[in-house]
Amino acid sequence: MARIAWGAYSGIIVLFMLTPLVLVVLFSFTDNALTNFPINAFSLHWYRILDANPEFWKAFENSLKVSLGVTLISTVIGTMAAMVLARWRERLANAALLALAAPVTLPALVIGIALLVFFNKVGVPLSLATVIAGHLVITQPFVILIVYARMVNFDYAAVDSARDLGASPWRAFWTVTFPIVSSTVIGAALIALAISLDDFIITFFTIGGGNTLPTFVWGKVRTYLDPSINAIGTILITLTVGSTAIALWISRYRG
Amino acid sequence: MTTVSGGGPGGATPLVRLRGLSKKFGDVAAVQPLDLDIFAGDFFALLGPSGCGKTTLLRMVGGFTPPSTGTVEIDGQDVTRLGPEQRPTNMVFQGYGLFPHMTVRQNIGYGLRIAKASDAEIAERVGAIMTLVRIGELAERRPDALSGGQAQRVALARALVMRPRVLLLDEPLAALDLKLRKQMQEELRRIHQSIGGTFVFVTHDQGEAMGLANRIAVMEAGACVQEGGPEEIYLRPKTRFVSSFIGEANMLAGERRGGTVTLRAGIAFTDAGPDGPVVLVVRPEAIRLDGGTAGLGTTGRLDDVVFLGPYVRYRVTLASGEEIAAHSADTGRRAGMAVGAAVQIGWEAADHRVVAGT
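Residue numbers (this note's numbering), protein chains in the order written: chain A, 13 to 267; chain B, 4 to 361.
The shape of chain A in the complex, shown without the other chains (with noise of 0.2 Å):
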């Protein structure tokens, strides 16, 4: 009894959660003029109505520069420090990843605020460059705790065989360290991904001009709520929810 209890419970937070999402996606594929029931009949008439618009197109384009650069720099600076870090003494290595993963547990619209006043009084103007140095200061904190959880248990003997076997530095870098720990790099890459794709306030307060998809979509609830926003929103989700998949199961990630 107990139990069914539990589960109805359970089922319906589910339900609950998942209700809107669900919605979201299924009227992306009607023709419906409004996000309401009946539904007249399924087609792709929203994703030609976005297809069409070149606000959306550049908004998209600028998502992804934002989101490969926010990628491509977190990973390669965060695998950097979490290797060093590994090396350290555990005390000190902790005490620096605390510091390093501080911003992760600010709320997002005071470091959005910050860097906002930052960059204004150093005179940096807004752009998408500093769209991704916002980006890299809550994505930079998950590559280091990921790589570095697998760089402290990583075997060492097998860099130095490939050193004693007669590679350089570099070589026993790409030839026997990267190889070892690659799923967990990528993995790392595609979580920096998915949270930098889908970021609202720190792009909002970073930006100055132009849209990125989200901020797009608030742009448009803003005017006039259409269901185009429907079928932006079943293309970030595709995107996100596909990328942390990727993640998790690259990297083997069991709960």
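Simulated from the structure, these hints should not be mistaken for lab results.
Watch out, some of these pointers could steer you wrong.
Listed next, with one range per pair, are the computed distances between beta-carbon atoms [to be verified]:
(1) A:56 x B:140: 39 to 45 Å
(2) B:80 x A:139: 54 to 60 Å
(3) B:280 x A:185: 52 to 58 Å
Examples of chain B residues toward chain A, derived with CB under 7 Å [what the hints assert, rightly or not]:
(4) 28
(5) 67
(6) 69
(7) 88
(8) 96
(9) 100
(10) 102
(11) 117
(12) 118
Ideal placement from N, C-alpha and C gives every residue a C-beta, glycine not left out.
Using the hints, position chain B against chain A.
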């Protein structure tokens, strides 16, 4: 530094020459300045308890740890400033350090690929070395599908295929169980004999050192306290530490004054050397019970008799309270020995060593 028998021919140039080599980690001296010569063809053991600096010394020879002072010369060339990839040495690491993302064959061929050997040469040399260490059937396996003994052989093959001037082994058998350890010990001897190379290995197991090496350096607290052939180290230990670390030894305290040593156990004999407290070291197998004709002796109480197969172990307590262990291969004699009875013990003066200290 005495250059000892058992090594290369007298006057030959050593293959590895360490001079004033030392290493400090912060304020801690892991290895104190030492000189050591290793000759071509040697199977050389660095023996000592954990933390005595033997692995640090080996890593300095391999180029993994830069020395604080001193030089490493291999084959007449000063390699002190060279990295491991530029030295004619190869190392078998304690954890083996196999590459988990490569098959056994790829692991062994790694060094040759780095050296840009031709595919044909790689295939031939890898095949030959796999036959030598008897792992031919494992070629396509990955390291996580190998047992400890197999991983050990792969690590050995991966280093040997490079034909190093000196092969370095860090506790090569420590991770294996007893039976496998005996097997690998014989295997290492066989390989050393068949390729005629120079092996240097680190171990904390005196049995392993005695069983493998033709020369042993005993290390204590970062210093090399004695170096020589196994027989010399066993029979003529220079310090109390060496005698207690290598095999079993009876220790009897005493004092030397004017060339006469008087033991607390009530034995006196002449032995030249400086005045002061001394320890007499004598091996259990050198002790005779009721020998009568022995050069030195005293009486004691027989406390224990244990039959151990090839020999019988007797424990005797002397009047001084010190205990003596005696091993006798004459296992039939124990029938006449009563526990608790008084026994005469003795040994020949040639079988003991007197070392300074308490």
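Note to self: Does residue 100 of chain B hold up as a contact with chain A if the rule is Cβ-Cβ below 7 Å?
What the structure shows: Result: holds, 3 Å to nearest chain A Cβ.
Checklist line | Restraint check, 7 Å cut-off on beta carbons, for residue 69 of chain B near chain A | finding: For residue 69 of chain B, the interface hint is violated, since the closest Cβ of chain A sits about 13 Å away, which is over 7 Å.
Item checked: C-beta pair residue 80 of chain B, residue 139 of chain A: status relative to the range 54 to 60 Å that was hinted -> holds (57 Å)
Item checked: Residue hint residue 102 of chain B, partner chain A, criterion CB-CB below 7 Å -> Holds - the Cβ of residue 102 of chain B comes within 7 Å of chain A, reaching about 6 Å at its closest.
Next item on the list: Using Cβ atoms only, decide whether residue 96 of chain B comes closer than 7 Å to chain A, and label the hint accordingly.
Entry: This hint holds: residue 96 of chain B lies near chain A, its Cβ roughly 4 Å from the closest one there, short of 7 Å.
Checklist line | Residue hint residue 88 of chain B, partner chain A, criterion CB-CB below 7 Å | finding: holds (5 Å)
Next item on the list: Take a look at whether the Cβ-Cβ distance between residue 280 of chain B and residue 185 of chain A falls inside 52 to 58 Å.
Entry: holds (57 Å)
Margin query: Restraint: residue 117 of chain B near chain A, CB-CB cut 7 Å. Satisfied or not?
Written below: Nearest chain A Cβ about 4 Å off; hint holds.
Note to self: Can you verify the interface hint for residue 118 of chain B: is its Cβ closer than 7 Å to any Cβ in chain A?
What the structure shows: holds (6 Å)
Next item on the list: May I ask you to test the interface hint for residue 67 of chain B with respect to chain A, counting a Cβ-Cβ separation under 7 Å as satisfied?
Entry: holds (6 Å)
Next item on the list: May I ask you to test the interface hint for residue 28 of chain B with respect to chain A, counting a Cβ-Cβ separation under 7 Å as satisfied?
Entry: violated (13 Å)
Item checked: Supplied distance hint 39 to 45 Å, evaluated on CB atoms of residue 56 of chain A and residue 140 of chain B -> With Cβ atoms ~58 Å apart, the hint is violated.
Checked against the numbered hints given earlier, this structure breaks hints 1, 4, 6; the rest are met.
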